[in-house]
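Novice: Here is how the chains run, residue by residue.
Number of protein chains: 4
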Amino acid sequence: MAADHPRFPPKDPDFEERGRSGFTRQPLMATLGAEIVLVEPGYVEIAMPFAPHILQQHGFVHAGAISAIVDTACGFAAMTLMPRGAGVLTTEFKINLMSPGKGERFIAAGRVVRPGNKLMVTLGECFAETGGTRKLIAMMTATMMVMDTPGIVD
Amino acid sequence: MAADHPRFPPKDPDFEERGRSGFTRQPLMATLGAEIVLVEPGYVEIAMPFAPHILQQHGFVHAGAISAIVDTACGFAAMTLMPRGAGVLTTEFKINLMSPGKGERFIAAGRVVRPGNKLMVTLGECFAETGGTRKLIAMMTATMMVMDTPGIVD
Amino acid sequence: MAADHPRFPPKDPDFEERGRSGFTRQPLMATLGAEIVLVEPGYVEIAMPFAPHILQQHGFVHAGAISAIVDTACGFAAMTLMPRGAGVLTTEFKINLMSPGKGERFIAAGRVVRPGNKLMVTLGECFAETGGTRKLIAMMTATMMVMDTPGIVD
Amino acid sequence: MAADHPRFPPKDPDFEERGRSGFTRQPLMATLGAEIVLVEPGYVEIAMPFAPHILQQHGFVHAGAISAIVDTACGFAAMTLMPRGAGVLTTEFKINLMSPGKGERFIAAGRVVRPGNKLMVTLGECFAETGGTRKLIAMMTATMMVMDTPGIVD
Numbered sequence: 001m002a003a004d005h006p007r008f009p010p011k012d013p014d015f016e017e018r019g020r021s022g023f024t025r026q027p028l029m030a031t032l033g034a035e036i037v038l039v040e041p042g043y044v045e046i047a048m049p050f051a052p053h054i055l056q057q058h059g060f061v062h063a064g065a066i067s068a069i070v071d072t073a074c075g076f077a078a079m080t081l082m083p084r085g086a087g088v089l090t091t092e093f094k095i096n097l098m099s100p101g102k103g104e105r106f107i108a109a110g111r112v113v114r115p116g117n118k119l120m121v122t123l124g125e126c127f128a129e130t131g132g133t134r135k136l137i138a139m140m141t142a143t144m145m146v147m148d149t150p151g152i153v154d
Numbered sequence: 001m002a003a004d005h006p007r008f009p010p011k012d013p014d015f016e017e018r019g020r021s022g023f024t025r026q027p028l029m030a031t032l033g034a035e036i037v038l039v040e041p042g043y044v045e046i047a048m049p050f051a052p053h054i055l056q057q058h059g060f061v062h063a064g065a066i067s068a069i070v071d072t073a074c075g076f077a078a079m080t081l082m083p084r085g086a087g088v089l090t091t092e093f094k095i096n097l098m099s100p101g102k103g104e105r106f107i108a109a110g111r112v113v114r115p116g117n118k119l120m121v122t123l124g125e126c127f128a129e130t131g132g133t134r135k136l137i138a139m140m141t142a143t144m145m146v147m148d149t150p151g152i153v154d
Numbered sequence: 001m002a003a004d005h006p007r008f009p010p011k012d013p014d015f016e017e018r019g020r021s022g023f024t025r026q027p028l029m030a031t032l033g034a035e036i037v038l039v040e041p042g043y044v045e046i047a048m049p050f051a052p053h054i055l056q057q058h059g060f061v062h063a064g065a066i067s068a069i070v071d072t073a074c075g076f077a078a079m080t081l082m083p084r085g086a087g088v089l090t091t092e093f094k095i096n097l098m099s100p101g102k103g104e105r106f107i108a109a110g111r112v113v114r115p116g117n118k119l120m121v122t123l124g125e126c127f128a129e130t131g132g133t134r135k136l137i138a139m140m141t142a143t144m145m146v147m148d149t150p151g152i153v154d
Numbered sequence: 001m002a003a004d005h006p007r008f009p010p011k012d013p014d015f016e017e018r019g020r021s022g023f024t025r026q027p028l029m030a031t032l033g034a035e036i037v038l039v040e041p042g043y044v045e046i047a048m049p050f051a052p053h054i055l056q057q058h059g060f061v062h063a064g065a066i067s068a069i070v071d072t073a074c075g076f077a078a079m080t081l082m083p084r085g086a087g088v089l090t091t092e093f094k095i096n097l098m099s100p101g102k103g104e105r106f107i108a109a110g111r112v113v114r115p116g117n118k119l120m121v122t123l124g125e126c127f128a129e130t131g132g133t134r135k136l137i138a139m140m141t142a143t144m145m146v147m148d149t150p151g152i153v154d
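Chains as they are written, first to last, in full-length UniProt numbering: chain A, 1 to 154; chain B, 1 to 154; chain C, 1 to 154; chain D, 1 to 154.
Worth flagging that the hints you see were computed from the coordinates, not collected in a lab. Treat the hints with caution; some may be incorrect.
Claimed, not checked - Simulated crosslink set (DSSO-like; lysine-lysine; CA at most 30 Å straight-line):
1. C:K118 <-> B:K11
2. A:K118 <-> C:K11
3. C:K11 <-> B:K118
4. C:K102 <-> B:K11
5. D:K102 <-> A:K118
6. A:K102 <-> A:K11
7. A:K11 <-> D:K102
8. D:K135 <-> C:K102
Said to hold, decoys possible - Below, a sample of chain B positions facing chain A; criterion: calculated Cβ distance under 8 Å:
9. G22
10. T31
11. E129
12. T130
Note that the structure is predicted; figures quoted are calculated from it, not measured. Each residue gets a CB set at the ideal place from its N, CA and C atoms; glycine is no exception.
Just chain A, with the same shape it has in the complex (with noise of 0.2 Å):
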């Protein structure tokens, strides 16, 4: 889905070393055990093992963790893009679920679709990562609110 989208500048040469660094401020990335791979202007990769503590009772990672992985994707893509000092927040997201929770290891992938000064629509992808296949097992849009101040997302 990557391949024909546009993107778009940064405002912020920054905007990696700020996007990891807001990354590792949040503990509950660090609870579920997932962690920032990839950080472009517009697109962002996090990368969650599949583990124990993140399940729900028939072994496969709960609905709840792979959300939380694909939405702060996309809020860390929409960060990319804002200027210093801003951050975003999110204010909505939809997801759907495609597959089960299945693979060694999940990739959730946000772009940004459409950069506005109040609004960022993203949309963010999760891949189940098997023997180094890769298998889309859910799909979600999500808006981001630009905050003047760094905000929640930051």
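Model the placement of chains B, C and D on the given structure of chain A, informed by the hints.
Specialist: For chains B, C and D alone, coordinates are given in the frame of chain A:
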């Protein structure tokens, strides 16, 4: 919002026991510190105390943690109306995050709005509780697919 | 669902007149045969009779026509809480279609759940009315952006 | 967005004829002035010219009309992958409206992202076309339920 929704009868008299025991077998709920506090036919409440390990970087509860408990409340609300041996699976949800995750504890309430044979439509809410007062901070609509087998949520 | 939602006071005493006149200036509503039937602070109802030109190929009202009146009810519900000179704009909505569009007429009800300064979150419902009985057939959540100028919906 | 999505094979070689004839039997599409312009396996485009009877009061195309054509494009995209005699039914959709409905005509594109046996997940987009240039103005995700009988969309 609860008052004038129709209530639906359970098909399995042991619905409450099934709901409570299913919940305890979801490791993510324990990871988040959540517990199930009310199980009625078509209606479930989950409580999660404010805690450092579920926050984002500004000291609010992460939207991912809020979403996880509301989705789970909606899933178990649907479960209470399933016959024995059947389960449900979240196929999609959408959440509007209306206020930051700030408070002493968070109550996620899920209710069944449309108990179909194939799909169940649910409405979820999250309240932040502080000093005994509840404030609505998030609203969700979610679709659960009915599984002939115990499925994802049992 | 109406009963236990809080009601919010209007900022413009002429909210009803503004809502009704704004509605009549929406040609799509006339095209669909819809009319506004109730305007209260934070709550609006729109009615649309069953008619051949709004159907899909199996004789039910098209989901697109249902969505259009529920979105409009939500938009005008938000409008009733705006100060004079301000307007709202739908930024996103999600609708769950629970039963086919079958009935004598359709009542779309929109209510404001969270009247924010920048964004207003609304909950919409659509009822199919037959022989005086109402059946809930669709549920929507929608976000309206507040516009300093009259904006899209005025 | 089209480029790197997998394509899925049709189960009925007459998928295109079925899609086109099903579309012509949807009176709402004629009411809106919409026509189906491209039918490929898992992918459908619908075009709707700007016209006075589909506007809201500020001279833009009403969000309800935009939603109707994107939902329909997603529904027929799913239809192209159905075996003969089966149909689909929209159970939910969510749309992000990113820019006003302003342009000469509007192209709604729907594609199947996950062709399940019970549920099909689709991604829709709406482009405003002006002087040969296309601008993305809306994005939708929609779930279609598979019907053994021709169902709502056939």
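Novice: Close enough to count: is the Cβ of B:G22 nearer than 8 Å to one in chain A?
Specialist: At 6 Å from the nearest chain A Cβ, B:G22 passes the 8 Å test, so the hint holds.
Novice: Verify the proposed pairing of A:K11 with D:K102, using a straight-line Cα cut of 30 Å.
Specialist: Holds, because 28 Å separates the two Cα atoms, which is no more than 30 Å.
Novice: Between C:K102 and B:K11, is the straight-line Cα distance small enough, at 30 Å or below?
Specialist: holds, 28 Å
Novice: Double-check B:T130 for me: the hint is only fine if its C-beta lies closer than 8 Å to a C-beta in chain A.
Specialist: violated, 19 Å
Novice: Holds or violated: A:K118 with C:K11, Cα cutoff 30 Å?
Specialist: holds, 24 Å
Novice: Does B:E129 pass the interface hint, meaning its C-beta sits closer than 8 Å to a C-beta of chain A?
Specialist: Hint on B:E129: violated, closest Cβ of chain A at ~20 Å, above 8 Å.
Novice: Check whether the Cα positions of C:K11 and B:K118 lie no farther apart than 30 Å.
Specialist: With a Cα-Cα distance of about 45 Å, the restraint between C:K11 and B:K118 is violated, given a limit of 30 Å.
Novice: Hey, C:K118 versus B:K11, does the alpha-carbon distance stay inside 30 Å?
Specialist: violated, 45 Å
Novice: Would the pair A:K102 and A:K11 pass a check requiring their Cα atoms to be no farther apart than 30 Å?
Specialist: violated, 38 Å
Novice: Need the status of pair D:K135, C:K102: alpha-carbon distance at most 30 Å?
Specialist: violated, 36 Å
Novice: Given B:T31 as an interface hint, is its Cβ closer than 8 Å to any Cβ of chain A?
Specialist: Hint on B:T31: holds, closest Cβ of chain A at ~5 Å, below 8 Å.
Novice: Going straight from one Cα to the other, do D:K102 and A:K118 come out at no more than 30 Å?
Specialist: holds, 20 Å
Hint compliance for this structure: hints 1, 3, 6, 8, 11 and 12 are not met, and every other hint is.
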